[in-house]
Amino acid sequence: MDCEIKLCLVIIFLFSSAMNCVVGEPQVPCLFIFGDSLSDSGNNNDLATDAKVNYKPYGIDFPSGPTGRFTNGRTSVDILGDLLGFDHYIPPYANTNGADIVQGVNYASGAAGIRNETGTHLGQDISMGLQLEHHRDIVSQIAKKLGSEKVRQHLNKCLYYVNIGSNDYLNNYFLPQHYPSNGKYNADQYAVALVNEHSTYLKALYELGARKFSLIGLSLIGCIPHVKNGLLCVEEYNKAALLFNNKLKSVVDRFNKELPDAKFILINTAIITYNSLNQDMKMLSCCKLGSSGQCIPSEEPCQNTNLNPYFDELHPSEVVNMVGANMAYISNMNILTCCKVGSNGQCIPNEEPCMFRHLHPFFDEFHPTEVLNKVLANMAYKTPIPAFAHPMDISHLVKLIR
Numbered sequence: 001m002d003c004e005i006k007l008c009l010v011i012i013f014l015f016s017s018a019m020n021c022v023v024g025e026p027q028v029p030c031l032f033i034f035g036d037s038l039s040d041s042g043n044n045n046d047l048a049t050d051a052k053v054n055y056k057p058y059g060i061d062f063p064s065g066p067t068g069r070f071t072n073g074r075t076s077v078d079i080l081g082d083l084l085g086f087d088h089y090i091p092p093y094a095n096t097n098g099a100d101i102v103q104g105v106n107y108a109s110g111a112a113g114i115r116n117e118t119g120t121h122l123g124q125d126i127s128m129g130l131q132l133e134h135h136r137d138i139v140s141q142i143a144k145k146l147g148s149e150k151v152r153q154h155l156n157k158c159l160y161y162v163n164i165g166s167n168d169y170l171n172n173y174f175l176p177q178h179y180p181s182n183g184k185y186n187a188d189q190y191a192v193a194l195v196n197e198h199s200t201y202l203k204a205l206y207e208l209g210a211r212k213f214s215l216i217g218l219s220l221i222g223c224i225p226h227v228k229n230g231l232l233c234v235e236e237y238n239k240a241a242l243l244f245n246n247k248l249k250s251v252v253d254r255f256n257k258e259l260p261d262a263k264f265i266l267i268n269t270a271i272i273t274y275n276s277l278n279q280d281m282k283m284l285s286c287c288k289l290g291s292s293g294q295c296i297p298s299e300e301p302c303q304n305t306n307l308n309p310y311f312d313e314l315h316p317s318e319v320v321n322m323v324g325a326n327m328a329y330i331s332n333m334n335i336l337t338c339c340k341v342g343s344n345g346q347c348i349p350n351e352e353p354c355m356f357r358h359l360h361p362f363f364d365e366f367h368p369t370e371v372l373n374k375v376l377a378n379m380a381y382k383t384p385i386p387a388f389a390h391p392m393d394i395s396h397l398v399k400l401i402r
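Just so you know, the sequence shown maps onto residues 1 to 402 in UniProt numbering.
Hint data in this document are derived by calculation from the structure and do not stem from the laboratory. Heads up, none of these hints are tricks.
Here are the in silico distance ranges between beta carbons for each label pair:
1. A48 - N196: 28 to 36 angstroms
2. K150 - H88: 17 to 25 angstroms
3. R152 - P297: 58 to 66 angstroms
4. S250 - L400: 18 to 26 angstroms
Remember, it's a predicted structure, so these values are computed and weren't measured experimentally. All C-beta atoms, glycine included, are put in the ideal place defined by N, C-alpha and C.
Construct the entire structure; sequences and hints are all you get.
Take a look at the structure:
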């Protein structure tokens, strides 16, 4: 098992004991979701596309079974909604009849990207541009409900969650047999073009009343099971993702200066599986360290030892030792994916998935299991690692008064 997967499992175990939903009134009046299959909750179900998963084993751990979510249970943004205090899942745009759209809508679509052509070799999808048009429609409906004077004030207080861009690489740039982008741009030029186009959509959202933006950066797409070369991550993919993230971070900084009353944050999901996370042991250790790397005698350790992979600079905490024992127990299992996959990397319909889903980072070759989604949502909401959220995490973003 390679170090990225080991580290991923360590983080899963560290956070599993600290995942509690916030109870009470939602911290924001509404949540609007833009993105791809990582956030899709059913918008692709009626589209003519191979990128839909409204069948078992998807949804095996979701209360109502298969819904079109590309995972065994809840998506990361489902869990974020719980953390924000919502008592329901934000409805997909395709199923908003009778839903309370004033509290938000999910526009995300599997295989969708920032570019209109992304993912279209699989069939129909709802690109970021089309998701924006759907949002215009919803805003006009909300304006009819609240009135023109109140709608802007209401929309200013919402959280806008945007998680898109992976498919612009996986289902565009790195598929030269289907798309010309790889021949037109080098990796840096493509990242510039993508982020520039993305910026126009974000600015359009701002003009429609959005003020609180949580942008989700790309994960290390070279380390997902569909891309990996055996046990090795594909660095070309990872470098492309990091180029995109760095340029998106610059947009966050620029928009925070240029757009009045707006606050943009960037969630750096790439840090979850990036080796540099292991390099600063002092940040991750539980006790105050001496020059030897061991705990200073009689100093109080951290309050929650289950949230630290290392007790001192050299030795793992008990929870990491537990991970090691569990990994030894499941060493004969497929640690990468939980379900049997077809040639498209998605689960084969009606095949039984793995039994120990809480020990698998990935459900199919592209998408995390619910347990990894919990990690991502909790770290995005309130992170113990400053580099994970720039310039703040979601818990601080939603507290900003408009």
